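In case you want the letters, here they are:
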Amino acid sequence: MARIDIDHVVKHYVDDRIVQTNTGRPALDDVSLQVADGETISIVGSSGCGKSTLLKVVAGIEDPDQGRVRYDGVDVTGVRPQERGVGMVFQDYALYPSMKGKGNLAYYFDVHDSSKEEAEQRVRETAERMGVGFDLLLGQVPTTLSGGEQQRVAIARCIVRDPPLFLMDEPICNLDAKLREQTRVEIRKLLRKFKITTLYVTHDQQEAIFMGDRIVVMRDGRIEQVGTFDDLYYTPASRFVATFIGSPPISVLPAAVTDGRLQLAGASWDLPSPVRAAVPDGPVDLAIRPEGWRLDEADGLAVSVRHIERLPTERAAFAYGTVAGRNVTVILPVDHPERDQLTATPDLDRAYFFEPDGERPLHTPGVLELF
Amino acid sequence: MTTEAIAEPRYSSETAIKVRGVQKRFGDKHAVEDVSFDIADGELLVLVGPSGCGKTTTLRMLAGLEPVSDGQIQFGDRVVNEIRPRDRRIAMVFQDYAIFPHLTVFENIAYGLRSRREARKVVKDKVTEAAQTFRIDHLLTRKPRQLSGGERQRVALSRAMVRDAALYLYDEPLSNLDAQLRHQAREDILTLHKNKHRPTVYVTHDQSEAMALGDRIAVMADGRIQQIGTGSDLYERPVSEFVAFFIGTPSINLFDMEIQADGDGAVMVGSGLRLRVHPSMTAAARAHVGQRVRMGVRPEDLHVPRMAPFEVTEENTLHGIVTLIEPTASGCTVYLSTAEGQDFVATFTVRLPNSYLDQEIPLGIDLSKVHLFDADTGASLLKGDIDAVSR
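Protein chains in written order, with this note's numbering: chain A, 1 to 371; chain B, 1001 to 1391.
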């Protein structure tokens, strides 16, 4: 178990033409991050954002061009990965196919000249701590295990070594949706139980939210924001984070403020005073989440609806429509009748305001008071 | 590239697609056992199920890429079992997009039209229109490797758009896309579907995708269709424990119980619980007195007592220790464990503070919404109601 400090890390891939030509930027561009002992941090971003490179630098598989990596204050930059004792779990389980689950767990002790008794004992202890039914997996070779079971063995193989740090890169993205849902719960519970400091890389925002005590959003080799789900959702640091977190995504509409009133597509509303203080007169981009609309009020906007997606499993429907030529998404009750038109008013207490075509937020709503 | 013009067969389109008793064996292994369904003109049917359930094999038999071992596939009133894939008039969109890397976007979209020797002007107009619909008209001269995943997929959709096919098939087309692109991609698929208004089969392992897209959804497992119906049919009236568990996320909670008579009513006892059977289910429950059942409770039917839309008493309360709290935009998902060590999940429309972690909390079960399944067969004991409602 360890605290991790990533300090101004820069990493170029000289040979990677794609990274060079597309962005002209390094794969990691001055990345700093502190991870507390026992904390799980999710790292999320689109492909090519640098999230896997960051993991490799922390593991020692890649050396940074600049910057340092420290485990518990000890500089490990340049230390070989096998000497760092890090546990790694990837999407292709990488179990030894010829060995049963138990052999996979004990292998580390075999190659490190530990006594048979010690290996036996560590494997037994780990199996007990892994929970109900795990001992059954120990007697089987990987090919007879399901994807989720293989991933449990892979995790146990790391835990048995008592690593200071766990690094996981898309460990469940090969599983089908239902199995993914079950496995991520299991991994999260194990991480809570063992309190191992963990970096968890995924491209899936829902998985990132679920796995992480905090979430790092990356973009083009930089950290865009670090925070809890509430931080990212209600106080995004940029337009990018606002549009990246939330599903269906937030809708952005160009609007204008005149004398403290918001003007949009021929309608206008008074801005609430906290918003008025932050948003000057002039053009502004208004961003509204699907749940940030009120329906059927007299001062609403006409939304022309392209289609309504009904999700009985979520007890909700989403109307995908257009206002003033821009796409908007509005949440509806699941049994809302089919309509070509909706009347929707942006709830300005739950709205986000950005400088026009800029990244900087002028005002974000913050976490709503529920009670 | 073939230059042979392909004759496009015409099918009478009374009932668009009929699948009757179709089977597929690989050696002695049954990949698909006795599958039957109809697809109406303009209907989008989703085949959903876990890996290995037979959904993709079924799709490939519809396409003609796999011969059927038994049974019949009809397009209109014509049996197509013996018709080659290229002659069936189908359009397919694959997970890996299946576009030609050496052709430009324009040539990829135009490929089918050109092989049927459409006039140059017709090809150009159709390709341009499709490319505009899917916002790739500025990329027509590019090669696929210069495109993002989302753009490649729109090439595949454009190629399907210019086709006049009798059946449109999608094989997990969204699995390679990032979450933020999926909503747009779903909408693009529906745009294509509405434009063509032809029978469509869509294969996925993701039940939420099935819910979002399907007019009807067929849940498959072990080579068979377990249930076919609308999203709300499957969610509210599952015929079996499997369907109840597969549809909905987080999954339905299942508890081992035994039914006992209690005066005129019935109670369920087990898993450390003693719960009164709701009046609407008493008759069904009393037919199984003394038997073991599995009680299914959806995560949203567990309520914080103070906020429950019904009276919470000893006879509808479940206690659990909070093991995880997942924040969601609409509230939170709470993972709990009973004193007996059984895990279960509840979803709330409010936020549960982290201070409740490792604490025991009581939750009211909305017993009017529970499901009862035969402990041995998994069949729903409330099936009488289901047949009445969904037929």
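Please note that the accuracy of each hint is not assured.
[To be verified] BS3-like mimics (lysine-lysine), calculated; alpha carbons at most 30 Å apart, straight line:
| # | chain 1 | residue 1 | chain 2 | residue 2 |
| --- | --- | --- | --- | --- |
| 1 | A | 189 | B | 1124 |
| 2 | A | 193 | A | 100 |
| 3 | A | 100 | A | 116 |
| 4 | A | 100 | B | 1369 |
| 5 | B | 1124 | B | 1143 |
| 6 | A | 102 | A | 116 |
Derived from the structure by calculation, the hints contain no laboratory data.
Computed from a predicted structure; not experimentally measured.
Status of the hints after comparison with the structure:
1. A:189 - B:1124: 57 Å, violated
2. A:193 - A:100: 25 Å, holds
3. A:100 - A:116: Holds - the C-alpha atoms of residue 116 (chain A) and residue 100 (chain A) are around 16 Å apart, at most 30 Å.
4. A:100 - B:1369: Answer violated: residue 100 (chain A) to residue 1369 (chain B) is near 44 Å, above 30 Å.
5. B:1124 - B:1143: 18 Å, holds
6. A:102 - A:116: At roughly 13 Å apart (the allowed maximum being 30 Å), residue 116 (chain A) and residue 102 (chain A) satisfy the hint.
This entry does not satisfy hints 1 and 4, going by the numbered hints stated previously.
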